[in-house]
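Q: Chains as they are written, first to last, in the working numbering: chain A, 560 to 935; chain B, 560 to 935.
It should be emphasised that the hints constitute simulated quantities derived from the structure, not laboratory data.
Don't take each hint at face value.
If chains are identical, the list can't say which one is meant, so a pair holds when it fits in one copy or spans any two.
To be verified - Computed list of lysine to any residue pairs in SDA-like fashion (alpha-carbon distance at most 25 Å, straight line):
(1) LYS602 - ALA855
(2) LYS810 - ARG588
(3) LYS602 - ARG870
(4) LYS602 - PRO857
(5) LYS810 - VAL828
(6) LYS602 - ALA717
Protein chains: 2
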Amino acid sequence: MAQAFGFTVTATDGSARAGVIATPRGTIRTPAFMPVGTAATVKAMLPDSVAATGADILLGNTYHLMLRPGAGRIAALGGLHRFMNWDRPILTDSGGYQVMSLAGLRRLSEDGVRFRSHIDGSEHLLSPERSMEIQRQLGSDIVMAFDECTPFPAPEAAAAASMRLSMRWAARSRAAFGERPGHALFGIQQGSVYRDLRAESAAELAGIGFDGYAVGGLAVGEGQEAMFAVLDYAPAMLPADRPRYLMGVGKPDDIVGAVVRGIDMMDCVLPTRSGRTGQAFTRRGTVNLRNARHAADPRPLDEACTCPACRGYSRAYLHHVHRAGEIIAAMLVTWHNLHYYQELMAGLRTAIAAGRLAGFVAAFERLRAEGDIPPP
Amino acid sequence: MAQAFGFTVTATDGSARAGVIATPRGTIRTPAFMPVGTAATVKAMLPDSVAATGADILLGNTYHLMLRPGAGRIAALGGLHRFMNWDRPILTDSGGYQVMSLAGLRRLSEDGVRFRSHIDGSEHLLSPERSMEIQRQLGSDIVMAFDECTPFPAPEAAAAASMRLSMRWAARSRAAFGERPGHALFGIQQGSVYRDLRAESAAELAGIGFDGYAVGGLAVGEGQEAMFAVLDYAPAMLPADRPRYLMGVGKPDDIVGAVVRGIDMMDCVLPTRSGRTGQAFTRRGTVNLRNARHAADPRPLDEACTCPACRGYSRAYLHHVHRAGEIIAAMLVTWHNLHYYQELMAGLRTAIAAGRLAGFVAAFERLRAEGDIPPP
Chain A
560 MAQAFGFTVT ATDGSARAGV IATPRGTIRT PAFMPVGTAA TVKAMLPDSV
610 AATGADILLG NTYHLMLRPG AGRIAALGGL HRFMNWDRPI LTDSGGYQVM
660 SLAGLRRLSE DGVRFRSHID GSEHLLSPER SMEIQRQLGS DIVMAFDECT
710 PFPAPEAAAA ASMRLSMRWA ARSRAAFGER PGHALFGIQQ GSVYRDLRAE
760 SAAELAGIGF DGYAVGGLAV GEGQEAMFAV LDYAPAMLPA DRPRYLMGVG
810 KPDDIVGAVV RGIDMMDCVL PTRSGRTGQA FTRRGTVNLR NARHAADPRP
860 LDEACTCPAC RGYSRAYLHH VHRAGEIIAA MLVTWHNLHY YQELMAGLRT
910 AIAAGRLAGF VAAFERLRAE GDIPPP
Chain B
560 MAQAFGFTVT ATDGSARAGV IATPRGTIRT PAFMPVGTAA TVKAMLPDSV
610 AATGADILLG NTYHLMLRPG AGRIAALGGL HRFMNWDRPI LTDSGGYQVM
660 SLAGLRRLSE DGVRFRSHID GSEHLLSPER SMEIQRQLGS DIVMAFDECT
710 PFPAPEAAAA ASMRLSMRWA ARSRAAFGER PGHALFGIQQ GSVYRDLRAE
760 SAAELAGIGF DGYAVGGLAV GEGQEAMFAV LDYAPAMLPA DRPRYLMGVG
810 KPDDIVGAVV RGIDMMDCVL PTRSGRTGQA FTRRGTVNLR NARHAADPRP
860 LDEACTCPAC RGYSRAYLHH VHRAGEIIAA MLVTWHNLHY YQELMAGLRT
910 AIAAGRLAGF VAAFERLRAE GDIPPP
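Construct the entire structure; sequences and hints are all you get.
A: The structure is reproduced here in structure tokens:
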């Protein structure tokens, strides 16, 4: 019999929580960072390497997978886990965000969103029911309710209307999801930067009842200060005994700030996307490996890092392969970035468990303020 | 003290030989296939993965490395092995072939070749002396003499003049190389498709004296039949107690035919380049993974192959990631192709040692004639 989906908070430190999410496919240590595997691959990484960085779960994109190769195709091939050779948990988004940012000729109605594929122009519908069906076909472990990600900025009336549409869709998602032991359905709080709307949304979602709750509609251009202002109150509005997931976040300092404010899960394309452009995340901040200052530097990106890029290669090499457009450039820096993100999450978890999160955050900020090592 | 460079033939079967090349950086089992690591990377592969396919040695390109990042830079960083994180043997070509095929504004003289970089237009000279200096700076284990790869087709008089220039350059290469214990210098036979010129070239080279001998000027458009016709006599002209290296070859059936004719070493970009375009080499011939026939195929590329691409993924997945332009597509199929090539070499070595090469070749050809498995 499938193990039930469950969440246990094992330690708190201020608003921050450490815990574990149990799933039939394995345990997710929280706070968790989920690498993004948009098109059934975490770009430039083999799944074993993703696991080696310490990732317990990754995220797949419903919008991309429904268009190519198609959710029915993936179901016929045994589901997304088998298809992409990843046997640990997968969370899939609902497609609601990507359809509004990527698809052509969108028509949003109470029913859902009709759109044209950005790949081949074919016409599709995404609705709460269709999104639940696709995510079931993919076999994802954590399914996200179909919502509208309210654009930023939005006047309060527009944000309220958008949030209420998402709440009606949340109820339809819940009904369409049905009972699926071992699989979880997360609701998504909206309400933009309006506290009353966030509270109304949280109450609606709790009334429907979900296995976890996402804070949606952030990291959409409002900036870190405005995001943190919402995170100062929004997570606490959500049921404390369920995981809280901040979607699409973020830079390392966004992540630390979100965890301090009570977030348990995050995802972002930054470590993978930046790996392909030569932007490395380190304890001392961001390093642009394409910069000429690294061309003759025999030192590793970070002498304290144990990832393959730092153990085996100089900054000069990483600079060379990025300048030469070699695939190994993306492979190595993506690996480093994911390794750094997972080390950061492990550090946060350990600090919360030990009740010394404030000291951890101070050390995190101090080293970043020092900045990158100077050229030799 | 550095171990001397040495070659031992351990078995023969007809003209074919199996053996070992001893170097201070490790043993090379022959017949050997050398993956190409043009710009200090075997494209889309980590060095550990290249080694895992069974490669004992790889090839670096002098022309590319002298232009970017520069041989002096690599020397200052500890040499090519450390730079690219590969501690096994490396053979470097002389730059003679690439300068004539890639560089701009070439001026060939008795001295060498003046040219402009195809990367930034900067002016450079390649000569026997300069090529030896660069290959020393790179720290390569097997250094190639600087030659002119005679274009095909060439009238006999032109082929003779080109070959004799290469022989004068071979003597200058030998003198410039000097004595470098543990490092080897290979001469390159030219003479196009003219038997008398091949004999003259071989005698010249043997008179100069090298640690190994390459058959140059083949795989330049003459076709397999003409190439095999030259290989029917050219390798036997070279000293039997030294490795014989066929440069730039080739497809799997080229390799088998060359080994049957007495070749000990080969290199080619085909398995890596094809990996990036979705062309897979298998026991049953070439498979184009971009073809729609694979889109729903749950079977591995080759159910008998133990490479990561075949153990972990369906043809449908490999098709999907190639169509989607994902980096993992190049990573997986390159790995498969290099794995297949090394398995082929291992099979050839075992067959030669057992005196059953003819049976091996017959089985190789039979399975290829059967062709790829039909769609399910």
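Q: Does each hint fit the structure? Answer for all of them.
A: Right, here's what the structure says about each hint:
no.: 1; hint: LYS602 - ALA855; in the structure: between (28 Å within a copy, 22 Å between copies)
no.: 2; hint: LYS810 - ARG588; in the structure: within (20 Å within a copy, 48 Å between copies)
no.: 3; hint: LYS602 - ARG870; in the structure: both (21 Å within a copy, 20 Å between copies)
no.: 4; hint: LYS602 - PRO857; in the structure: between (27 Å within a copy, 22 Å between copies)
no.: 5; hint: LYS810 - VAL828; in the structure: within (10 Å within a copy, 39 Å between copies)
no.: 6; hint: LYS602 - ALA717; in the structure: neither (36 Å within a copy, 51 Å between copies)
Hint 6 alone, counting from the list given before, is not met by this structure.
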